[in-house]
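> The chain contents come next:
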Amino acid sequence: MPFREFVPKAHIERPAPHQPTGRNTARALINTGIGAAAFLVTCIGLRLVLPFPEIDGGVSQKFRFFAAHKDEFDTLFIGSSRIYFQISPAIFDRATRESGLPTHSFNFGIGGMYLPETGYLLEQILKLKPLKLRWVFIEYDELQTKWSPENQTSRRALYWADWKRVSLLLRKLTDAGTDAVWANPAKVRDIILHQKDEKSTRTLLTFYATQFEKNYTNVARATDILNYFLDRDTKERRVSYLGAAGDGYVTRPNRMSPSQAVGYERGLATAMAQSGTRPLSSYTLEAYRQCGQEVREIGAIPIFLITPSTTQIGIKSENTGLSGVMMAFNNPRTYPNLYRTDVRRDGQHLTRSGAEEFTRIVAANFVELRRTGEIK
Amino acid sequence: MSFVEFRFLWFFLLVFVVYWTIRGNSARKVWLLVCSYAFYAAWNWKFTFLVLGSTTVDYIVGLMLGRSENPAWRRFWIATSVCVNLGVLAFFKYFNFFVSSASEFLAWIGLPASVNTLNIILPVGISFYTFHSMSYTIDVYRGKQRPISNFVDLSLFVSFFPPLVAGPIVRAVYFLPQLGSPRKFANVDVRGAIILFLAGFIKKACIADGVAPFADRYFAHPANFTATSAWIGVLFYAIQIYCDFSGYTDMAIAAARLLGYQLPNNFQFPYFARSVSDFWRRWHISLSSWLRDYLYIPLGGNRGSRAFVYRNVMITMLLGGLWHGAAWTFVIWGALHGTALLIHREWMRLTEGLKWAAHAMRWLAWPITIYAVCVAWIFFRAQDLSGAGTILKQFALFHGGGDEHFHRWLLLVIVALVFIHWLNSRRWFGEPWRRWPAPVFAAAYGCTFAVVLLFVPPHYTPFIYFQF
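As you go down the protein sequences, you meet chains A and B in turn.
In case it helps, our numbering puts the first sequence at residues 112 to 487.
In case it helps, our numbering puts the second sequence at residues 286 to 753.
What the hints contain is simulated information worked out from the structure, not anything from laboratory work.
Predicted model, so just to flag it, every value in this text is computed and none were measured.
All C-beta atoms, glycine included, are put in the ideal place defined by N, C-alpha and C.
Mixed in with the good hints, there may be bad ones.
Derived Cβ-Cβ restraints for the label pairs, each shown as a range [claimed, not checked]:
| no. | chain 1 | residue 1 | chain 2 | residue 2 | range |
| --- | --- | --- | --- | --- | --- |
| 1 | B | Glu-689 | A | Gly-357 | 29 to 35 Å |
| 2 | A | Gly-357 | B | Phe-714 | 47 to 53 Å |
| 3 | A | Leu-212 | B | Ala-327 | 57 to 63 Å |
| 4 | B | Ala-327 | A | Ala-137 | 31 to 37 Å |
| 5 | B | Ala-327 | A | Val-160 | 32 to 38 Å |
| 6 | A | Arg-313 | B | Gly-589 | 54 to 60 Å |
| 7 | A | Arg-389 | B | Val-384 | 50 to 56 Å |
| 8 | A | Ala-148 | B | Ser-466 | 33 to 39 Å |
| 9 | B | Ala-327 | A | Thr-362 | 44 to 50 Å |
| 10 | B | Phe-436 | A | Ala-147 | 35 to 41 Å |
| 11 | B | Val-384 | A | Thr-136 | 54 to 60 Å |
Calculated from the model, a selection of chain A residues having no Cβ within reach of chain B, i.e. all distances over 12 Å [stated by the list, open to error]:
| no. | residue |
| --- | --- |
| 12 | Arg-158 |
| 13 | Val-373 |
| 14 | Gln-401 |
| 15 | Ile-417 |
| 16 | Val-454 |
Covered stretches of chain A (chain B as the covering partner; in silico rule of three or more C-beta atoms under 8 Å from a C-beta of chain B) [said to hold, decoys possible]:
| no. | stretch |
| --- | --- |
| 17 | 134–143 |
| 18 | 323–336 |
Let the hints inform the model, and build the full structure from the sequences given.
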């Protein structure tokens, strides 16, 4: 083919139609507005009709189960694997029943679930308006801003990214405070200029802003429609997340190897040697304040739970300003049995027997607080 | 920053609004130049100096070619441009390949040599903007293009952000005249451009990224799969690479059109080609025509003996394969296409005037072509030659080794996509939109975009051609 055929006359401008420019601009703006409005209305409409998203790690299974049995439970445990594998509702309920103050509890722990995801999921649970729910145990830990790269691409990192959660993360990343006005120009400047160890902050800001956009525009939600109609949830899959008793608790029996035990002992000693307590950030407290308020709005009582793990040692549990009850098990001197090597899987988790022991202690504390009237 | 990311939409909105608000053509070009460099800097700001360096060299070479009448000096200047451009490309893209290949060859002949490869980051889009830039100096040398005295014009031509990182490859003679006169918004086919952008977005974000996990899973461990799944894996990759690349091209052309500039078409329904020769008139047209005009024809083209012509075809296709990536799999991909082109030529020569052959080819031409193209894709995608061999055995001989398999209904997905593609070739999707009144079109577009996002995977998969 001759060369000139590949040089079409694209560059030759056609004469512009003679129309008043102002009118054209106005028309273009109106049409753009119509397009944008149609886009937003469709996004909102779809968001309202779409089912709860299909999320890995047992989130969907537990949510669906709880939604189907929402009026059966009066006690809920929510948090990470430190709740999931360490609180047995069956043992808790037995202990409270034997004490004459019976409960019916459900474990909504999910592996790797921290604030802000916990806050979002709790909000969705409370929106179901569970009639009997009276006590909500919420794991107490720092607001996480970092996601591992492999999880960043999953839907798990997306479904909770609403404005309430994302704005808090953006505030924490930019150190903008929790007041109405966002202000920390120096920090913003450092982030923009990549100064003072702020290299990853800009990436995280972009990541969360994108997650927010994706969440509100229903990115990747088509699979939920398919899953909703096909109902591909198998019994085996449900049991793997809900546990044999169907109460949300799954056991993890394996113990540490001798070398892991040595590492654990060393880590524990280091953590115990550090003096003083460390308060959680104001952003975390704000998130827990919101959680507590939402729990109280349905007539339940929030109970903040610090689990026995080496990274939790030293977290300040007094004078947090939260309107809820605090239960702290992060002191190895007060609860030495929970930190013994033979009941631990690792620094974060207990073995099955350790989890049972921990559940009994939590139940005993709960009963005691109810008897003294601190928990009504 | 990629066309399918939200931040690109914000970026483009800013570029678009400011661009059409600015009155003067020079100021608009400066604004586009700044935006183009910012777009490239979003990947790695350090490599903007590489683009700038390449542009500066070709700017000087262009001026010197314009001033010099002496053939020897002109040859010197064009050689300088070609050497610098290809030298940069060779260093960043091929240095490690050549070094490791030489080392393996020496070891093979019994002369083991200890060589070190370098930890080189491949600048995104280097193959594309190098070819943009080289087309300018070569055309000036050939007298087809006037030397440009305005550095901004040449810089904008080389770095114009829509085609910068994955094409289409734009030639100076095509693009530079467009910079001469101010673009008029009234001449912009906004509706056509945004329909094209949406089509590209669907191709890339919904289809290519949707089928990519299946293709990736298969090509990662082909030996584990059955023969039927091998077919699904290879066909999905064929769909993925087409939708990925042509999706990018559609979005690039649409973005450029919204700014008043035209880019050359790059795809013309290549999977409906009825011969490999036809395939190359429909696939990556800007590259195939570039290679034809700047490599195949200078080598001698169709002039000379049959053996000489076949040599030219093979050299062009081998280098075309190597252009895609520094690996032997790409060279073999090029060689396979070259061989297929030669077989097609020979077949046409031998069956010229034979009615039965023409009749048979009416039915067989398309399946043979698509099969040959898919066999070649195996080498293009395979991680190494042994992996390609395994896949070829499964795909060509229907000999599956493993028991892992994909659902059979994925074959229906392939059939459905082919059918949609066919409808698209009949203009079923694009044309009705054009007849609607503007407000109806705007509302329908907004709704459609919102629905399309439902089908976009949560993760962003980089464009395949970014690595080239």
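> With reference to the structure, classify each hint as holding or not holding.
Results of checking the hints against the structure:
Roughly 33 Å separates the CB atoms of Glu-689 of chain B and Gly-357 of chain A, a value that falls within the hinted 29 to 35 Å. Between Gly-357 of chain A and Phe-714 of chain B the Cβ separation comes to about 49 Å, which falls inside the hinted range of 47 to 53 Å. Distance hint check: the CB atoms of Leu-212 of chain A and Ala-327 of chain B are about 60 Å apart, consistent with the given range 57 to 63 Å. Between Ala-327 of chain B and Ala-137 of chain A the beta carbons are some 34 Å apart, a value that agrees with the proposed interval 31 to 37 Å.
A hinted range of 32 to 38 Å holds for the C-beta pair Ala-327 of chain B and Val-160 of chain A, which are about 36 Å apart. Taking 54 to 60 Å as the suggested C-beta distance range, the pair Arg-313 of chain A and Gly-589 of chain B conforms, at roughly 58 Å. A beta carbon spacing of about 53 Å between Arg-389 of chain A and Val-384 of chain B agrees with the range 50 to 56 Å that was offered as a hint. Between Ala-148 of chain A and Ser-466 of chain B the beta carbon distance is about 36 Å. The supplied range of 33 to 39 Å therefore holds.
Here the CB-CB span from Ala-327 of chain B to Thr-362 of chain A is close to 48 Å, well matched to the stated 44 to 50 Å. Against the hinted window of 35 to 41 Å, the Cβ-Cβ separation of Phe-436 of chain B and Ala-147 of chain A comes to about 39 Å, which satisfies the hint. One distance hint, 54 to 60 Å for the beta-carbon pair Val-384 of chain B and Thr-136 of chain A, holds here, with the actual separation near 58 Å. The Cβ of Arg-158 of chain A sits about 10 Å from the closest Cβ of chain B, inside the 12 Å cut-off, so the non-interface label is violated.
Residue-level check passed: Val-373 of chain A sits 37 Å from the nearest beta carbon of chain B, beyond 12 Å. The Cβ of Gln-401 of chain A sits about 26 Å from the closest Cβ of chain B, beyond the 12 Å cut-off, so the non-interface label holds. With a least beta-carbon separation of about 33 Å from chain B, Ile-417 of chain A lies farther than 12 Å from that chain, consistent with its non-interface assignment. At roughly 39 Å from the closest C-beta of chain B, the C-beta of Val-454 of chain A stays outside 12 Å, upholding its exclusion from the interface.
Evaluation of the coverage hint for the stretch 134–143 of chain A: fulfilled, as 6 residues show C-beta separations to chain B shorter than 8 Å, against a requirement of three. Here the stretch 323–336 of chain A counts 9 residues with a CB under 8 Å from a CB of chain B, which clears the bar of 3, and the coverage holds.
Hint 12 from the earlier list is the only one contradicted by this structure; the remaining hints agree with it.
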